[in-house]
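*Asks:* Taken in sequence, the protein lines are chains A and B. Position 123 of the first sequence, counting from 1, maps to 123 under our numbering, and the rest follow consecutively. Position 67 of the second sequence, counting from 1, maps to 67 under our numbering, and the rest follow consecutively.
Keep in mind that the hints were calculated from the coordinates and are not lab data. Bear in mind the structure is a predicted one, so any value in this text is a computation, not a measurement. Using N, Cα and C, we set each Cβ at its ideal position, and we do this for glycine too. One thing to keep in mind: the hints can contain errors.
So the derived label-pair ranges between C-beta atoms look like this [as the list claims (entries may be wrong)]:
(1) A/227 <-> B/13: 25 to 35 angstroms
(2) A/270 <-> B/6: 24 to 34 angstroms
(3) A/241 <-> B/134: 25 to 35 angstroms
Simulated pairs of lysine-lysine, DSS-like, Cα-Cα distance not exceeding 25 angstroms [said to hold, decoys possible]:
(4) B/131 <-> A/119
(5) B/149 <-> B/134
(6) A/119 <-> B/134
(7) A/116 <-> B/219
(8) B/219 <-> B/205
(9) B/131 <-> A/116
(10) B/219 <-> A/119
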Amino acid sequence: MTFSWPRVFALARKDASELMRNPGAIFPAVLMVFAALFPVLLIIAIVPRVVGETLEGSGDFTEQAAAAAATIPELAGLTGNALIQTFLFHQLALLMLLVPIVAAMALATHAVIGEKQSKALEPLLATPISTLELLAAKTLTPFLFSLGLTWSAAIIYVLIAAALGEPGVWRAVAGPRLFIMFGLLGPLVALAALLISVIVSSRAGDPRSAQQISGLMILPITAVFVAQLLGLMVVGPTALLLGSVGCLALNGILLWIGVRVFQRETILTRWR
Amino acid sequence: MLISEHLTRVFDQRVAVRDVSLSVNRGEIVTLLGPNGAGKTTTMRMLAGLILPTAGRISIDGVELSTATAAQARGNVGLLTEAPGLWERLSVRINLLTYARLQGVVDPAASVDEALRHVELFDRASEIAGKLSKGLKQRVAIARALIHKPRILLLDEPTSGLDPASARHIRDLILGLRSEGRAILVSTHNLGEAEELSDRIAVLKTDLLAFDTPATLRKAQAGSRVVIELEGGERREFAIDDVADIPSIVSRLVGEGARIMRVTPDQRSLEDVYLDLVGAER
Numbered sequence: 001m002t003f004s005w006p007r008v009f010a011l012a013r014k015d016a017s018e019l020m021r022n023p024g025a026i027f028p029a030v031l032m033v034f035a036a037l038f039p040v041l042l043i044i045a046i047v048p049r050v051v052g053e054t055l056e057g058s059g060d061f062t063e064q065a066a067a068a069a070a071t072i073p074e075l076a077g078l079t080g081n082a083l084i085q086t087f088l089f090h091q092l093a094l095l096m097l098l099v100p101i102v103a104a105m106a107l108a109t110h111a112v113i114g115e116k117q118s119k120a121l122e123p124l125l126a127t128p129i130s131t132l133e134l135l136a137a138k139t140l141t142p143f144l145f146s147l148g149l150t151w152s153a154a155i156i157y158v159l160i161a162a163a164l165g166e167p168g169v170w171r172a173v174a175g176p177r178l179f180i181m182f183g184l185l186g187p188l189v190a191l192a193a194l195l196i197s198v199i200v201s202s203r204a205g206d207p208r209s210a211q212q213i214s215g216l217m218i219l220p221i222t223a224v225f226v227a228q229l230l231g232l233m234v235v236g237p238t239a240l241l242l243g244s245v246g247c248l249a250l251n252g253i254l255l256w257i258g259v260r261v262f263q264r265e266t267i268l269t270r271w272r
Numbered sequence: 001m002l003i004s005e006h007l008t009r010v011f012d013q014r015v016a017v018r019d020v021s022l023s024v025n026r027g028e029i030v031t032l033l034g035p036n037g038a039g040k041t042t043t044m045r046m047l048a049g050l051i052l053p054t055a056g057r058i059s060i061d062g063v064e065l066s067t068a069t070a071a072q073a074r075g076n077v078g079l080l081t082e083a084p085g086l087w088e089r090l091s092v093r094i095n096l097l098t099y100a101r102l103q104g105v106v107d108p109a110a111s112v113d114e115a116l117r118h119v120e121l122f123d124r125a126s127e128i129a130g131k132l133s134k135g136l137k138q139r140v141a142i143a144r145a146l147i148h149k150p151r152i153l154l155l156d157e158p159t160s161g162l163d164p165a166s167a168r169h170i171r172d173l174i175l176g177l178r179s180e181g182r183a184i185l186v187s188t189h190n191l192g193e194a195e196e197l198s199d200r201i202a203v204l205k206t207d208l209l210a211f212d213t214p215a216t217l218r219k220a221q222a223g224s225r226v227v228i229e230l231e232g233g234e235r236r237e238f239a240i241d242d243v244a245d246i247p248s249i250v251s252r253l254v255g256e257g258a259r260i261m262r263v264t265p266d267q268r269s270l271e272d273v274y275l276d277l278v279g280a281e282r
């Protein structure tokens with residue numbers, strides 16, 4: 001049997017319609033955008049205004065920013081407050097990678113568990129749809145939504161840099177590192193989060209417990225983020241590319257597992 | 001039209017269905033009766049091409065069911081699942097449109113209209129599925145099963161949990177579908193419904209215990225009799241194949257000089273036959 005994109009789009013379209021009528025599913029993802037943007041607003045704009053001192057003047061990040069210039073090419077040629085702001089924008093951008101994870105998790109668990117709870121899987125499986133098409137359809141809408149949300153957040157991030165940063169900071173923020181992070185690693189991370197959520201959802205009875213398990217996906221990114229903040233490491237473009245390759249391999253493994261979980265008989269007889 | 005031969009399904013060493021052979025012809029309703037866990041849903045799922053049998057063969061509208069033909073077979077069958085399984089946040093129309101697209105029908109919108117007219121819900125198309133009554137949801141689910149105009153319908157407990165009026169409506173709908181020449185297999189626990197709808201009845205308890213017309217099932221279980229009370233209180237019982245046998249018995253007794261006070265045909269109900277077959281305690 002050939003893979004039918006019209007069937008995938010038909011189901012994905014239905015999922016999108018359901019999503020629009022389910023604000024509870026979208027809310028955590030939108031909240032994560034604000035949570036990811038808040039630290040940069042706090043450190044770049046709010047704190048300097050409250051304490052009446054520039055970041056350069058406080059001297060807190062001067063050494064770290066200068067050291068990071070060797071790893072992050074976008075920092076080259078910048079000095080003073082612009083260097084520190086750009087450094088911080090790059091450091092805190094990693095937090096934005098949580099947006100595709102949270103969005104994918106929130107939406108995928110609803111997409112799969114919603115079908116289980118409404119007992120809609122059996123009539124769905126009684127159509128000519130193949131299980132691979134079902135897996136593709138169940139990941140397509142959450143993937144596109146989380147990608148759209150992540151890219152929107154990235155654009156807002158650059159706009160914040162343009163509005164609140166020193167002149168030229170936004171150009172240094174919107175450099176190759178950000179493009180690798182949101183154009184390559186972001187989608188791969190979203191896909192991994194989706195596949196994990198879908199696999200976990202097949203065994204979970206409600207979206208919350210599925211999200212708790214697939215939420216473990218946040219840990220590696222949080223660990224890298226904290227290590228950056230502590231000055232233990234600087235994630236440059238090379239590290240991001242390596243991370244993307246690792247994530248690609250992880251997706252291959254997850255897809256292999258996902259295809260096995262999405263077997264007609266398994267869904268009908270073992271999914272609870 | 002729908003044929004199963006020696007159908008067996010084993011799950012992790014547990015035999016769910018064993019050696020079941022049955023058929024449903026065009027314009028015929030066959031009812032599947034059996035206690036909970038008898039394998040009715042497993043049989044339905046196999047016949048719908050959802051799961052493959054461990055052994056045996058299934059022919060759906062002339063197509064032998066296999067891994068390669070299962071998708072095609074599913075496109076030839078309309079399955080009403082035990083729960084309506086509607087997308088409750090979406091309108092009736094979007095529910096059906098999605099299925100029309102999944103079934104690959106040429107004009108999804110027209111098919112939805114036709115299916116909705118079939119179940120007399122055309123004017124409720126824009127309503128949110130979750131807000132419909134249980135009976136109406138079941139009718140939407142039947143419309144969904146009809147969306148691709150299948151010639152074979154598998155209906156798993158179509159009136160389960162419905163109020164009498166809704167159940168009546170669904171039964172009338174099923175009879176109407178039969179008159180259109182569809183082959184219909186209905187699974188139910190409602191023996192009255194089985195008697196009303198069925199051209200043939202299959203009794204299942206892992207094995208197929210019986211498969212015949214309701215009248216033949218009663219006869220085959222050798223239960224039909226007539227009780228004749230004679231003057232003076234004497235009671236005599238005669239085994240009969242049919243109520244048509246009674247006049248000749250009465251004539252013979254009268255010929256022998258008996259004075260007959262009362263003649264009571266004592267045909268066994270389908271319930272008696274069913275309970276004897278499945279070996280249930282009364």
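*Asks:* Now, for every hint given, state plainly whether the structure supports it.
*Replies:* Outcome of the hint check:
1. A/227 <-> B/13: 25 to 35 angstroms: 51 angstroms, violated
2. A/270 <-> B/6: 24 to 34 angstroms: 26 angstroms, holds
3. A/241 <-> B/134: 25 to 35 angstroms: This hint is violated: roughly 56 angstroms between Cβ atoms.
4. B/131 <-> A/119: 16 angstroms, holds
5. B/149 <-> B/134: 24 angstroms, holds
6. A/119 <-> B/134: 14 angstroms, holds
7. A/116 <-> B/219: Between residue 116 of chain A and residue 219 of chain B the Cα gap is close to 45 angstroms, so the pair fails against 25 angstroms, i.e. violated.
8. B/219 <-> B/205: 20 angstroms, holds
9. B/131 <-> A/116: 19 angstroms, holds
10. B/219 <-> A/119: 41 angstroms, violated
Checked against the numbered hints above, the structure violates hints 1, 3, 7, 10; every other hint is satisfied.
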